[in-house]
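Here are the chains, one letter per residue:
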Amino acid sequence: MRPPIEDVFRLAPEIVLCFTGILIMLVDPFVSAKNKKFMGWVGFAGAVVALASIFEAARHQGAAYGGLILTDHFSLYMHAVVIGAAALAILGSFTYLEREKLVRGEYYSLILFATAGMGILCGAGELVTAFIGLEMSSISSYILAGFRRDAIKSNEASLKYFLLGSFATAFFLYGTAMVYGATGTTRFEGIENAVARPGAGTLLVLGLVLLFAGLGFKIVAAPFQIYAPDVYEGAPTPVSALLASGPKAATFAVMLRIFYVAFGGSNSIWYWAIWIAAVLSMCVGNFGALVQTNVKRMLAYSSIAHAGYILVAFAASTKLGIAAVLFYLAAYALMKLGAFVAVAHLGGAGEKRLDIKDYAGLSTQQPWLAACFALFLFSLLGIPGTGGFLGKFYAFQAPLLAAREVTAMASPHVASSLVWLVIIAALNSVVGAYYYLRVIVSMYFWEAQKEFAPLEVSPSVTFVLMIAAAGTIYLGLFPNQVMSFAQLSALSLH
Amino acid sequence: MGQNHLLSVLIFLPLVGSLAVLLLGRDDHEWVRRLALATSIAEFVISLFLLRGFDMGSGAYQLEEFHRWISSPPIHYHLGIDGISLFLVLLSTFLTPFAILCSWTSIHVRVKEFFIMLLVLETGMIGVFVALDLFLFFLFWEVMLLPMYFLIGIWGHDRKIYAALKFILYTMAGSILMLVAIVWLYGLTGSFDLPEIQMKLQRSIVMLPAGTELLLFGAFFLAFAIKVPIFPVHTWLPDAHTEAPTAGSVILAGVLLKMGTYGMLRFCLPLFPDAAHRMAPYIAVLAIIGIIYGALVATVQHDLKRLVAYTSISHLGFVVLGIFAFSNISIQGAIYQMLSHGISTGGLFLAVGMLYDRRHTHEIKEFGGLATPMPVFASLFLFICFSSLALPLLNGFVGEFLILTGTWQRHASWAAWAATGSILSAVYLLWAYQRVVWGEVTVEKNKTLPDASTRERLILALICLLALFMGVASPLFTRRMEATSQNLLQQMQRNRAYDARGAAPAGMPEHCDMPAMAAAPALASAQVARHDSVPERRAQN
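From first to last, the protein sequence lines stand for chains A and Y. The end of the first sequence is residue 494 by the working numbering, with every number in the run present. The end of the second sequence is residue 1035 by the working numbering, with every number in the run present.
Just chain A, with the same shape it has in the complex (with noise of 0.2 Å):
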């Protein structure tokens, strides 16, 4: 039986993401060295093409290809989300790989399959499809990390990253494997009536723990977050950019759908380990931040960090705490990746200016680059007024909120657990304010004392930083549209 042709249109962003790569990889050798410039716009025109190919996909909502991919609420913003991230990623990109001589078409390909991948991640209806999305971007960015391939340190984050990611996916497929053997199938709803049953038992514990290992390394959560720092700080920065926003989101999306969809019924089982893998992360962050000197690091550090915030929300178990986890991720992708493209700019030739230090007097050199990039941080840090707050703000909120309906069921461990949660949180944003400000003294506090020539800002990095930058205040003053949207797919997961 052939699928309708609705189909195609259901999976138009990924299609369209997966032309424009193999586009330009068969167009890339024909074009002259100086000429590859072009080959950056033909990936960013790609991207927008396939944001705006989200509204095609819009009009026909369902499930495709026989409920392999669902195209729903959820999906739809979880893929404007992620796209959106790529497409200022690559734009970000631009002076990055000039400045660096690392001009070469592949590296759009690369990003543009990595973010198909990150597609299918979030519409994945069962748990092979969701297999493929995750190798699809997992090895596009193993590449995209080592991309810088004279730097020694770049090599090591694509070693490390693929080494340790390859046990990630592994774990991903033994956990696929055993759900599977436990229930028969590996579609979701297949999964919720299979755990529905009593009986189910060890085998299928086992695959949700081996599923959390897989997608625990992927969101950078505590324990399987020790790759990220030297990834983060190997790989050439707007890849990191990309890394920290694209597939967090992306696998934030497949495994609220997993969680919630397909062992939603039994949130008892995976409560605690979401409960003690949000503690470990916000601690292991903010601690490990504190002592961070590269840029870079610490930004990776504070990745993990805010990985423990959403899963603060995600813990609460509601579809408040859905659309907590899916505003946070909008808005923590637009800060963080404005934050790593000054990183990037500011890096200058052969990414020297990573040092806190080196920031010393930005603000008298460049006034306008360094107040956007205190503003990223005072997103991260979650001052009022921009989306990072607003973020924490629900995800701060969904927990609480949670815990009262859990008290009117009588369970009062949990209820209290939720409340400790919160505090927690609250109290280590308060750790994560320190590291943030520190680089906020550094840029005004202190006087130049390295001389770095102030580096002209290009267009396209003055764009980037200014989309971010917007969005990230609009979402803190204005989130209603955005929130009400996260309502819709909150709802939308059943």
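Just so you know, the hints here were simulated from the structure itself, not pulled from any lab data. None of the values given here were measured: they were computed from a predicted structure. There could be a bad hint or two in this list.
Claimed, not checked - Chain A residues, not near chain Y, derived (Cβ > 10 Å throughout): (1) F55; (2) A80; (3) K101; (4) P223; (5) R353; (6) R404; (7) Y444; (8) P479.
Claimed, not checked - A few chain A residues facing chain Y, derived, Cβ under 8 Å: (9) M25; (10) L26; (11) F396; (12) I424; (13) L427; (14) Y434; (15) F445.
Glycine included, C-beta positions come from ideal geometry on N, C-alpha and C.
Use these hints to put chain Y onto chain A, whose structure you have.
Quick look at chain Y alone, frame taken from chain A:
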């Protein structure tokens, strides 16, 4: 109800002014200063219209503004003032021009950014005082930290970075739990709107279990206690005050500290009255420790600015004591003391800043005998010292007197201990004054110091005039606070009616047999309307 946009104008005018300053050229210092000053004076003038629109007979929120903002969860842009916030808004708008004036020549680097920060700070301060939505309040509360952080960190003195970080981390650590409490309260009441929450709690639509109430009270109180600061959490204050530029210290001491005590009056008391009653004795002890400890530590300081900083701990201890004595008079006294501390300590910091501009030091031993080269300055400085140490006929006296009187009626021993602070304040201020201004000129450089310039004379004289005015015309102020403080106490009583330990000291007659001094009219009128016989004004709202 027709919407009055006066409060919104007050919030956003400085922000607009700061944007206008942003558009000026980098080196256009003169125009930057003028524009900033013009904005802040315009702001002050506009804020005077509040007095006209304010109905002093009502204890309810006035000049309210209400707009939908965030739909999920329901958060509103809700503004309003009452007798507590009215004068704090005026205090903010009054002190900002002084902060700008005193920085006229002492700020040389990054002039534009400095005045932008000051104006943004003003927006934040006004916002904190007029926000009636808990979320909106928290937004202003946190956002306001940033300009102050930059003011200390960029234009501060030697240990500015340490002080700036300490300031912001302390405050954030305190307020983050308040955020959790705000969300928790939303979970309980379904609203972020302060009047709505108050109504629900009062009419027992929502009942807070005693344990929950205590926790919520604790979370709010900690945030405010750090801001005030109350004794064990005060350590950020001396550093921040000492390292901040003069304008920063003036605003910090004049307005920012009041946000803590304002928060207690606005949130802790009406929302969690039982917890407040339960904790009051402990808090009073901390306040008294603060009064005496602050005064003693101030006495032994050799740094003039640090000395003034410690006086704040002592004076704010009075305010906290007045609030937690829960008597109509003491609460009015607390509000009054907040204003008068803003004026007199603001004045002290301004004076100290003028000395610093001349000698670039705060060390007391570097000065001495300043009366000879700077006679005008010396006399104005003395006047401000008097106002700070609560000399009768000046502003400081009214506040302290009302607080001590009100507290005495409830807890005589608290008042007795606190009264020692009044004596000590004379000790540290006069002793410091004596060492700085009287005697022989010991340091050669001081012989040729110029006396106060016209600008400086204007600044100090205005402060002195206001101090005198507040000292002799206190009824003009207290009449406007009265209805609110009665209303506040009444709310607390009503809540306690549901309490098992309902035998509250509400019925206790408030004896008032003090001599008729400057404060007498206020006291008399306060006595007429005892809070157990207040007409139901609130019901009209």
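Hints, verified against the model:
| no. | hint | in the structure |
| --- | --- | --- |
| 1 | F55 | 24 Å, holds |
| 2 | A80 | 19 Å, holds |
| 3 | K101 | 36 Å, holds |
| 4 | P223 | 26 Å, holds |
| 5 | R353 | 21 Å, holds |
| 6 | R404 | 5 Å, violated |
| 7 | Y444 | 6 Å, violated |
| 8 | P479 | 6 Å, violated |
| 9 | M25 | 44 Å, violated |
| 10 | L26 | 47 Å, violated |
| 11 | F396 | 6 Å, holds |
| 12 | I424 | 10 Å, violated |
| 13 | L427 | 7 Å, holds |
| 14 | Y434 | 6 Å, holds |
| 15 | F445 | 4 Å, holds |
Comparing the model with each numbered hint stated earlier shows that hints 6, 7, 8, 9, 10, 12 do not hold.
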